[in-house]
Structures are given as structure tokens and as C-alpha cells.
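Visitor: Below, each chain spelled out in residue letters.
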Amino acid sequence: MRSEKMFIDSHFHLGYSKDFYFHDITLDRCLKTMDALGISYCINANLIGLTYGTQETGIEENKRAYELSQGRILSYFAFDPNQGEKCIEAMETHFDRNIFKAIKIHPSFHGFYGSAPEYEIVWRYAKAKGLPIMSHTWAVSAYNPVQKLSYPPVFENYIRKYPEVSFICGHSGGRYDGIMQCVKLAIKYKNVFLDTSGDVYNNRFIEFLVGKIGSKKVLFGSDALWMDWRTQLGMILGADISLQDKRNILYENAAAIFGVQLKA
Amino acid sequence: VSNLEKQLDVIIDEFKQSKGKYEFFDVNFWLTATALRTFYPITNVEMLVSEMKKHAIEKAVVTNSECIEYDPFKGNKDLLECIKDYDKLYGGIVVAPELSFGERVIADYMDQMIENKVVVVRMFPKRLNHTMSKWSVGEILKYMEHRRLPLMLWHTEVNWDIVDGICNEYKELPVIIEGNDQKLLYHNRSFIPLLLKHKNLYIETHNFIFYNGFEYMVNDLKIDRFIFGSYFPFNDPNASMMTITHGDIDEDVKFKIAGRNLQTLIDNIR
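Line order of the protein sequences matches chains A and B.
Note that my numbering gives residue 154 to position 154 of the first sequence, counting from 1, and the numbers run on in steps of one.
Note that my numbering gives residue 244 to position 244 of the second sequence, counting from 1, and the numbers run on in steps of one.
These are calculated hints, taken from the structure and not from any lab test.
Being a predicted model, the structure only gives us computed values, none of them experimental.
By construction, the Cβ of each residue, glycine as well, lies at the ideal position given by its N, Cα and C atoms.
One thing to keep in mind: the hints can contain errors.
[What the hints assert, rightly or not] One side only, chain B facing chain A, incomplete, derived with CB under 7 angstroms:
| hint | residue |
| --- | --- |
| 1 | LYS6 |
| 2 | GLN7 |
| 3 | ILE12 |
| 4 | PHE39 |
| 5 | LEU185 |
| 6 | ASN188 |
| 7 | PHE191 |
| 8 | TYR216 |
| 9 | HIS246 |
[Claimed, not checked] The calculated SDA-like cross-link candidates involving lysine to any residue, where the alpha carbons are at most 25 angstroms apart (straight line), are:
| hint | chain 1 | residue 1 | chain 2 | residue 2 |
| --- | --- | --- | --- | --- |
| 10 | A | LYS32 | B | TYR216 |
| 11 | B | LYS197 | A | PHE20 |
| 12 | B | LYS21 | B | PHE255 |
With the hints as constraints, model all of the structure from the sequences given.
Guide: Here it is in C-alpha cells:
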């Protein structure tokens, strides 16, 4: 596309999933694609830390990605309520605001409702450290029953209890009903934001979000390196919204929330 | 930051221009009467055509939702009536095994459909409660193969063994797999070997979303049998379009995926 790099991807994964074949997810190839598409930074939730229960390994991988990318691959800490105390200790040990910009939770992977008391500790930690929390959110699914654990309303008590913590609904709730629930939360609570990641390609999705909650509450997210960046970028670049709305979604909101310096 | 704004403006304009450049021919448009669970209802053919122009899609194959929600053959009939006055719209009909029952004659029906701009036939064995076995739909597929009339299937409506079997049994029948409503990504361990095995197998693009997917398939595996589709008006065409316009693949292949592969299949209908 262009050599200039400006976009910030709020929802990005390095690492593997057992569920399908990954061809080439080397960092070198990833950075070349980012360059070609004008992506300056990605906020990475490394899959080995998020889904495989090896948070320390994930953190080390995140640090390595930060170094090798010369600071362009930033990261989430992964929090797994199955080993809550251990996760918080690891965050504390490796706390570096230059690298780790937020915390990722994934109730559907980890087998707890987003409302579960096991998550209290991470909300408390996020508040103390000024870190945003991003969670996988999705609609209730007939073929994937664990998605109910991440149904947006289950997060509401924590969102209300911790207004200082910015909460990002990953995938904006995923499917129609989940999206409508996320929009309700974003209207009701100042600290709720929605990201565009995943196979969420509803016609006029971006226009709908901007119309309902305003572009200041929407973040560009891709779900790369599972999915291709171009799908979500295409939707945002081609959306029938203002240039300022696109700036907000593609980089300004993320720069503010994650504390990233934009380079002109 | 003002510099970034100017750059963004240029990037947006480049994307818009590139959409016009590749002459997109969409195999996956739907005519639907429902406004439910959608952010922007498009419920008639006039709106569909208007939106098509806005997205710089030059031509489209349309299927009627009525076919899978009410009755396939009534839906087909209504579809032909809707598209007959639009020279940029083609028909994607839905058929079911009853086409081979009793007095119905497969050849007569298919010939009449082809005369009325039908270029693709879909089957929905789960939704319409039938099997894809030879004893059920074999005669239909055999005639489609004879006419080189492409078959389009959702991967969630069949399984990959069925796809393999059809491609094997009807080698001159183009088979297009569409990734609705679960990411094709989750099936790449199945569809990649099948693409390598069967020259008559194609993938529709709206859910072909895996990271650098076209770059891998086209540049490394030398497979370019992809057909652009958007699943409009349910999905946003921009998502599928940009993977093609901004893919790191040969220009010629971009044109093929955007529309020429589909046009070739249509030209080959006998």
C-alpha cells in the first residue's frame, strides 16, 4: 500500500493454534506485511501464553518480539484465572510499560464466566497499574457453547465496579446479538471500547458502531496472524464515515488507550 | 499528526481506485426480504444494484434467500423475474432432489435456467434435508457436468469427503466452495490438499481470510482457483476486496480472482 506506517492493531496474535495450519508466521514476514499495509504497531496476545497455559513462556516471547521488531510488537499480559495468583506475580516480575500495554483475558478459553470471582484479582491489578483490559467477547453460539462465557453482559459488574479500567470488547461481541450487547455496554459506560477484530464482516458494521457509540470508542483490531489484516482494514478504509472517524479508529484511540507515541 | 491525516487520505483514495481497477465480478450476492439482524437492510433488487455500483462491483451473481427459507423452485422463479432487466446481474439458483422426481425433467429445467442468465447452481443438503449421494442428486450433477454449469456449496452444508467425492466423480463439473458461516481458516488442512488434488475445485473468497492466504496459495502452491465473492448484503464487500486489491500476488492473478476466473467458468457453460 504505502511505506508510511500509522495504523495500530489492537488485537493481534503471535504463536500457533492447534486448530489449523499456519504457513509462515515468522516475525520477519509479519513485519514486512505490516510495512506494506502501513501498520506501525500491533498489540500482541501471544497464543502460547494465552491458550497453552504457559504464561512465562508467553512473556518471554513477547519480550523477544518487542526486541526483534524494534519496539513495534507491543503486548498484552495474558491472565488465566486457573492460575490467577501466578499470573499476577508474573506480571509484577516482568512489568515494563514500554512492552506491556494491557491485559488480555479470554473466558471462553479458560473456562470461567467473565463475571466469575476469579477475575476480581486482575481487575484490581489493572486498576492499580493503570492497565486496560481486553477480553474476547462473543454471542452465544449453537456450535461453540463456550462462547456463552464471554457473552458481553457477563462483564458488566466488573465494568461498573472499576470505572478507571478501560475495557475493550474484543471482536465487538462477534455476531449480531453480541454486537448489540457490546454497543449497550459502550453507551452505558465510559470505560467500554469495542475492537473490530475477527471474522466480523457484517455489512455497515463500522458505520453502525460509529453511529451508535461514536468513533472514539472503536479500535482497529484484526486477529492477525490468524486472519488477514486486509479484511478489517478494507472495511474501515472503505466505510462511509468521516476521515476523522477513520483516524480515530485506525490509530488515535489506540495511541491514547495504550500510551503509544504516533510518528508522523 | 496532520501529516498522518494526509497520508490516510491518500491510502483511502488508493483503495477506492483499486476497487475500480480490477473489474470485480461477485459470485455471492443475495436477494433478501428480511431486515432482521442486519445493520442496513437491503431488501430489493434496486437497492442491491445501487449498492453494487457504490462498491465498484461491476457484475454479480444473485441468489434468492427465499430458496433456502421457503421453497427453492419458487425462489428461483422469483429471482429470474427480479434480475431479468439488469444486464449486470446473473442468477445463482438453488436446486434439490425433487428436480429428478416424476414428471420434472432435469435437462428442460436447467436449459431454461441457463437461457435466463443462470450461471451457478447451489445445493443446501442440510437446510433442505437431503443427501448429496449419487442416488439422490447424481442425475442432476451429471447434467450440470454435461453443461459445465458450476456447483456452489457451503462447506458447512457438506463435509470435505463429500467435496472430494463430487470432484472425483464429476471431473468436468466446476465445484465452488463457499466458507459460510464458519471461517474457512479452520478447514485449511482439508481444502488445501483438495485444491492440490482437483483441478475442478474453486474457493469463493468472502471467508477465505487466513493471514497471507492468497500469497501462500498463489505464490507458493501455484493455485489461483479463487472466485471473488462478498456474501453481500449480509457482509461488507470491502473485507474480501482488499485481500485481492492489496495482495502481494501478480497483477494478472488479481484480475483472475476478482472476476476473470468466474467469467471463464461462465464462458465455458455449454
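Visitor: Against this structure, judge whether each hint is valid.
Guide: To see whether the hints hold, each was checked on the structure:
With 7 angstroms as the threshold, the beta carbon of LYS6(B) stays out of range of chain A, its nearest partner Cβ sitting at about 10 angstroms, so the hint is violated. Annotation: interface hint on GLN7(B) holds; nearest CB of chain A at approximately 5 angstroms, less than 7 angstroms. Below 7 angstroms, beta-carbon pairs count as interface contacts, and ILE12(B) has one with chain A at about 5 angstroms; its hint therefore holds. Checking PHE39(B) against chain A: minimum C-beta separation of about 4 angstroms stays under 7 angstroms; hint holds.
A hinted interface residue such as LEU185(B) counts as satisfied when its beta carbon comes closer than 7 angstroms to some beta carbon of chain A; here the least separation is about 5 angstroms, so the hint holds. A least Cβ separation of about 5 angstroms between ASN188(B) and chain A falls short of the 7 angstroms threshold, and the interface hint therefore holds. With a cut of 7 angstroms, the hint placing PHE191(B) at the interface with chain A is violated, because the nearest CB-to-CB distance is about 10 angstroms. The beta carbon of TYR216(B) is positioned within 7 angstroms of a beta carbon in chain A (closest approach about 5 angstroms), and the interface hint is therefore held.
At a threshold of 7 angstroms, the smallest CB-CB gap from HIS246(B) to chain A is about 5 angstroms, leaving the interface hint in force. In summary, the hint linking LYS32(A) to TYR216(B) is supported, as the alpha carbons are separated by about 15 angstroms, within the 25 angstroms threshold. About 19 angstroms separates the Cα atoms of LYS197(B) and PHE20(A), which keeps this hinted pair within 25 angstroms; it holds. Between LYS21(B) and PHE255(B) the CA atoms are separated by roughly 9 angstroms; this keeps the pair inside 25 angstroms, and the hint holds.
In this structure, the hints that do not hold are numbers 1 and 7, in rising order.
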